[in-house]
Amino acid sequence: MARCEAMNWAGYDGLLLDHDGVLVELVDRDHITAGLREHGEPRLAELDIDLDPALLDAFQVGAESGEIRALADQYGVDPGALWRCRDDAIEAALHTATRDGEKPPYDDVDALTALDVPCGVVSNNQRRIVEFVLETHGLRGLFDTVHARDPTLASLDRKKPAPTYLEAAMTGLGIEHPLYVGDSESDVVAAHRANVDVAFLRRPHNTDTSLSTDPTHEVEGLDEIVAAAQHSRH
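For what it's worth, our numbering labels the leading residue of the sequence shown as 2, then goes sequentially.
Think of the hints as simulated: they come from the structure by calculation, not from any bench.
When the alpha-carbon atoms are kept at most 20 angstroms apart in a straight line, the in silico DMTMM-like pairs for lysine to aspartate or glutamate are as follows:
id, residue 1, residue 2
1, K160, E186
2, K160, E65
3, K160, E92
4, K160, D198
5, K160, D58
6, K160, E132
7, K160, E68
8, K160, D89
Listed next, with one range per pair, are the computed distances between beta-carbon atoms:
id, residue 1, residue 2, range
9, D151, H178, 23 to 29 angstroms
10, G67, D31, 25 to 31 angstroms
11, S233, V62, 32 to 38 angstroms
12, R38, R100, 14 to 20 angstroms
13, E103, D74, 32 to 38 angstroms
14, D29, H178, 35 to 41 angstroms
15, E65, D117, 37 to 43 angstroms
16, R30, T137, 18 to 24 angstroms
17, Q75, D158, 19 to 25 angstroms
The C-beta atom is built at its ideal place from N, Cα and C for all residues, glycine as well.
Using the sequences plus the hints, can you model the full thing?
Following this line, the structure appears as structure tokens:
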């Protein structure tokens, strides 16, 4: 894998970035679980459902639509309504975590202010959450577009590794050869499916992660990418 300093930035016409784990820190699983209990239980009560261990596990990050539909059938409720309870609970939990300082931006995000190319965010998180987090930290102005999930069950089938949101961001920005920056295997696969180069960003939470799909580049900070872009102009 090439280090970012060696990339030919002249071939890129924009920069797309994942949100959680790339721009802002991840919230730990215990906090997510607590938030689901606090905000999910009263919402599920309206459907006459208890937040049992099976639901709590299914509501964690990484849920699949088929699993939710099967659980909805088991409980005799509409799958869309069941998932909306989850997404609303997660939104409330992450709003609280953001306001409490538990989802801060990484220090190197400030380096992005030096870029003069179209920039966008592509996330599997809910768009309303991404927008809130970016606005709270004063980062929204750095990005020309945000593409992420709606709080619907159907949105799960458009998550990365599907290229849907990447391709939508490219179309919206009018770019054809962006660099995408992510922190997970699904980010790398989505980029390949969208036929764009991808930089795998090492953060504390993925230091030891092994990938089965090779990224185009591997970097240890967003400042490396900005330095490469600036170097290409000289």
